[in-house]
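Assemble the complex: chain A is given as a structure, and chain B must be docked to it using the hints.
Chains A and B, in that order, are what the protein sequence lines are.
For the first sequence, the residue numbers in the working numbering are 1 to 421.
For the second sequence, the residue numbers in the working numbering are 422 to 730.
Errors might be hidden in some of the hints.
A few chain B residues facing chain A, derived, Cβ under 7 Å [claimed, not checked]:
#1 Asp564
#2 Ala584
#3 Asn674
#4 Val690
#5 Asp691
Hint data in this document are derived by calculation from the structure and do not stem from the laboratory.
Every value quoted in this text rests on a predicted model; they were computed, and no experiment measured them.
Ideal Cβ positions, reconstructed from N, Cα and C, are used throughout, including at glycine.
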Amino acid sequence: MLLVLGGAWASVRSAQAVEIAISCGAVGTELDLCRDGANAWARRTGNTVRIVSTPNSATERLALYQQLLAGGSRDIDIYQIDVVWPGILAPNFVDLRPYSQGTQAQHFPAIIENNTVGGRLVAMPFYTDAGVLFYRRDLLEKYGVAVPQTWDELRAAAQRIQQAERAAGNTRLWGYVFQGRAYEGLTVNAMEWLASQGGGQIVAPDGAVTVNNPQAVAALGVARGWIGSIAPPGVLNYSEEEARGVFQSGQAVFMRNWPYAWALANSADSPVRGQVGVAALPHGAGGASTGVLGGWNLAVSRHSRHVAQAADLVMYLTGAVEQKRRAVQAAYNPTRPALYQDADVLAANPFFAALYPSFAHAVARPSRVTGRKYNRVSNAFWNAVHDVLGGEAEPAAAMAALEQQLRRLGRHDWGRERPPR
Amino acid sequence: MSGSARTLARTRVRSAWLFLAPTLLVLAAVAGWPLLRTVWFSFTDADLADISSDRFIGLANYLEHDQGEWYGVLADPQWWGAAWRTIWFAGVSVSLETVLGMVVALALNVRFRLRGLLRAAILVPWAIPTVVSAKMWGWMLNDQFGVINHLLMGLHLIDQPVAWTASPTLAMWAVVMVDVWKATPFMALLILAALQMLPTDCYEAGRVDGIHPVRMFFRVTLPLMAPALGVAVLFRTLDALRVFDLIYVLTSNSNSSMSMAVYARQQLVDFQEVGYGSAASTLLFLVIVMLTLSALALTRWRADGEGRA
Chain A
1 MLLVLGGAWA SVRSAQAVEI AISCGAVGTE LDLCRDGANA WARRTGNTVR IVSTPNSATE
61 RLALYQQLLA GGSRDIDIYQ IDVVWPGILA PNFVDLRPYS QGTQAQHFPA IIENNTVGGR
121 LVAMPFYTDA GVLFYRRDLL EKYGVAVPQT WDELRAAAQR IQQAERAAGN TRLWGYVFQG
181 RAYEGLTVNA MEWLASQGGG QIVAPDGAVT VNNPQAVAAL GVARGWIGSI APPGVLNYSE
241 EEARGVFQSG QAVFMRNWPY AWALANSADS PVRGQVGVAA LPHGAGGAST GVLGGWNLAV
301 SRHSRHVAQA ADLVMYLTGA VEQKRRAVQA AYNPTRPALY QDADVLAANP FFAALYPSFA
361 HAVARPSRVT GRKYNRVSNA FWNAVHDVLG GEAEPAAAMA ALEQQLRRLG RHDWGRERPP
421 R
Chain B
422 MSGSARTLAR TRVRSAWLFL APTLLVLAAV AGWPLLRTVW FSFTDADLAD ISSDRFIGLA
482 NYLEHDQGEW YGVLADPQWW GAAWRTIWFA GVSVSLETVL GMVVALALNV RFRLRGLLRA
542 AILVPWAIPT VVSAKMWGWM LNDQFGVINH LLMGLHLIDQ PVAWTASPTL AMWAVVMVDV
602 WKATPFMALL ILAALQMLPT DCYEAGRVDG IHPVRMFFRV TLPLMAPALG VAVLFRTLDA
662 LRVFDLIYVL TSNSNSSMSM AVYARQQLVD FQEVGYGSAA STLLFLVIVM LTLSALALTR
722 WRADGEGRA
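Chain A extracted, bound-state conformation (with noise of 0.2 Å):
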């Protein structure tokens, strides 16, 4: 009888109180960030919670979520996901609608719908992200060069300052920095430059392979030649973290990263505290400012053995409170658009207001048409970009290649139905 009481108060206990597992990004003060969420949820409810980094590279860190999800893994509840991948991932994670009861309409319609692979809602929105420019206010200024809006303006005054710059002694100053590094962040640069010069987003919503055409080809010259005169020719081994050490250290007058490095540049130690100014990415003759989404989402495996507590951490994440607590002190969009009015976060983060059409009208990655396929389309693309980059490849014969292996990866319309044997 002792035993049976006993055995029934340990299983209450351990219903009452358990552990769960996330994944949180480690990129700036991510890590932090989400500890500090996690901990004041397991505080209010008496769970605890285990926090697991992850790699920087997002490309490193789809690769071990892939091998955990294919294992079965328990030892992870919730999966920090990147935009790109609900179309990859769906299978293993749960329909989260039963628990969100209807607070999905608070976010971005753009990202649910981005998020719902089947009907089912694989993922809730974290944080949103866009390409933003990061310019050194207090250079151009000095230079009365005026924040660039075509990418010809941002050539012409990088390289005017760099110069003088240079002469003056700071010689180790360069013009632009950004993520070059063959690996996921290079296709969302290479597609900014490709979007906002009329030069398309590589497979059109319909599945036909777009990217070999006169823009395109136009546009990644033009990024060719920054490299080794207004770009160090290290930015082809750059992620977001290394482009933002040259700029945070003060060695680069203009940056593409996202907003997260608006805090980072900021913070008290920072050497460029109070210099840094954030502007709409430029665009070319024939096209608009563009910046492409990203932006990461939370879901809960389906291999957890708490489905309930995960989903219930997730939605306290994902909720107002905590989004602003992460917009104020470290930059991290929202993806709830009454946030953006809100006067704490405005505070903060002045360029929210301003920048607000980027965040909410971002162009997405071909994910949801290449569906399963994303990951190798991304891949083909950004090696064709980096053999551009690196002088390897003619950007008119490298589109011309990348559309041919493109179109050899869309056969059968990207894998929707299985190829006959």
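This is chain B only, laid out in the frame that chain A set:
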């Protein structure tokens, strides 16, 4: 008498098998089974997302003719690029390691004070896990903050920082350099062991005849230690053909700096194509097996030739 000897031999053989059994079982479980499974997967269209629903598709992962075009690993120019790059890497790095290892071993074979300390010290690069040394070198080679650029600029050898790991061509040389730094101690150790086994009488005879030390090295030392050197080179070559972590951590990971192992992993993990990736792994395995067999055949043929001579 002979009967009891035969019984004794049989008992010894039986106990030998008994002692070997655990090793063989563990080997079969951790090496044999995964290997067979990989080979099996290479004939299927298995997918990492749902690994149980695989279908047998024969050799299609290796080579397949579909609608007028060739598909499969052997029709992929990227795989061929990776294969030649891997062989180039193995050739260059192992050659450098052999020459440098020989120099280091000859130096350490001489009696001097603190020799024991130095012998231990040169092993440090070999003892560091490859991932750690790759990351460490990645920071030292960094184009903006790297200590290597700082040193070279201080010595006025370069006037602009060099982006060592950015372009694929330069990055492969950086990979070779780090591999040489890491594996030379291993080579030196094996060669040193061989040097110390050499009979001293040949040298005494040579010294009496007044033969020049350089001539002595090429005519006495090198031929005597050829078998040991061959084994060391073979070990390193097999290792170099499997190169993965150095390239993965150090370079920008573009297709232009991919080795065969990186290619296989990309297909297996990044693209979730377990079938296709297994075919790439199996091909890598076959390349290594063929190289090993031909190296063994070569040494046996040479040994036979010398035996007959």
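Evaluation of the provided hints:
1. Asp564: At about 3 Å, which falls below the 7 Å cut-off, the nearest Cβ of chain A leaves the hint on aspartate 564/B intact, so it holds.
2. Ala584: OK, holds: alanine 584/B within 7 Å of chain A, min 3 Å.
3. Asn674: holds (5 Å)
4. Val690: holds (5 Å)
5. Asp691: holds (6 Å)
No hint from the list above goes unmet by this structure.
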